[in-house]
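Heads up: the sequence shown begins at 809 in this note's numbering, then just goes up one per residue.
In short, the hints are calculated from the structure, not lab data. Keep in mind that a hint or two might mislead.
Unchecked claim - Taking lysine-lysine and the DSS-like style, the derived pairs with C-alpha atoms no more than 30 Å apart in a straight line are: (1) Lys-912 with Lys-876; (2) Lys-894 with Lys-837; (3) Lys-837 with Lys-814; (4) Lys-965 with Lys-939.
These numbers come from a predicted model, not from an experiment.
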Amino acid sequence: MVITLKNIALNEIKGDLLSSKVSVRNFPKSVSFPFDPFYIEIVTHIKTIEISSECILFDSVRSFNETKEFAYANYWSENAKETIEKFWFFAQNGQGDYWLFDDKHKVYFYDHNHEEVSIQNFMYLGLNFEKWLQFAYLNKQFDQYYDAEEEISEEIKTEYKNKLREISISLLDNYPFEI
Numbered sequence: 809m810v811i812t813l814k815n816i817a818l819n820e821i822k823g824d825l826l827s828s829k830v831s832v833r834n835f836p837k838s839v840s841f842p843f844d845p846f847y848i849e850i851v852t853h854i855k856t857i858e859i860s861s862e863c864i865l866f867d868s869v870r871s872f873n874e875t876k877e878f879a880y881a882n883y884w885s886e887n888a889k890e891t892i893e894k895f896w897f898f899a900q901n902g903q904g905d906y907w908l909f910d911d912k913h914k915v916y917f918y919d920h921n922h923e924e925v926s927i928q929n930f931m932y933l934g935l936n937f938e939k940w941l942q943f944a945y946l947n948k949q950f951d952q953y954y955d956a957e958e959e960i961s962e963e964i965k966t967e968y969k970n971k972l973r974e975i976s977i978s979l980l981d982n983y984p985f986e987i
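Input sequences plus hints: build the corresponding full structure.
Next comes the structure, spelled out in structure tokens:
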């Protein structure tokens, strides 16, 4: 099988995600988190979707509920309301790990094996929401290749790493999964 991995343009990703007609589901008026407008545009118009094995994007309702659940101070080692309010849980992977962003739109990865939720256990990958979507769609291609071939060649691994580097050097340097 000949495959070429590519980083998908945001307008193409947006078109794909919004291709299904779903009723708009806005965040509750009580939510004052400073969201990226592109994030709101996407998640209020979709149902929770598995983009790839490592990237399940929550719709607005689920992201609100997940974030609300993690807002309980007993989940956090800091037990500081100011810290908790700076983060929003927007996605997860198939193993129970989470993707979240802060009030500055920086995306972090949280491995649930760390148990306590704390800033020290969040891995910054040099992504914002838009770059995370590009990563999710690149990972989708990688998944499709694996599903078809059942093994990843060194050539494809190298190509994948190069594409990760194009998205973010920090993503490649701190990639939380085995390639």
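Here is what the structure says about each hint:
{"no.": "1", "hint": "Lys-912 with Lys-876", "in the structure": "holds, 19 Å"}
{"no.": "2", "hint": "Lys-894 with Lys-837", "in the structure": "holds, 18 Å"}
{"no.": "3", "hint": "Lys-837 with Lys-814", "in the structure": "violated, 38 Å"}
{"no.": "4", "hint": "Lys-965 with Lys-939", "in the structure": "holds, 20 Å"}
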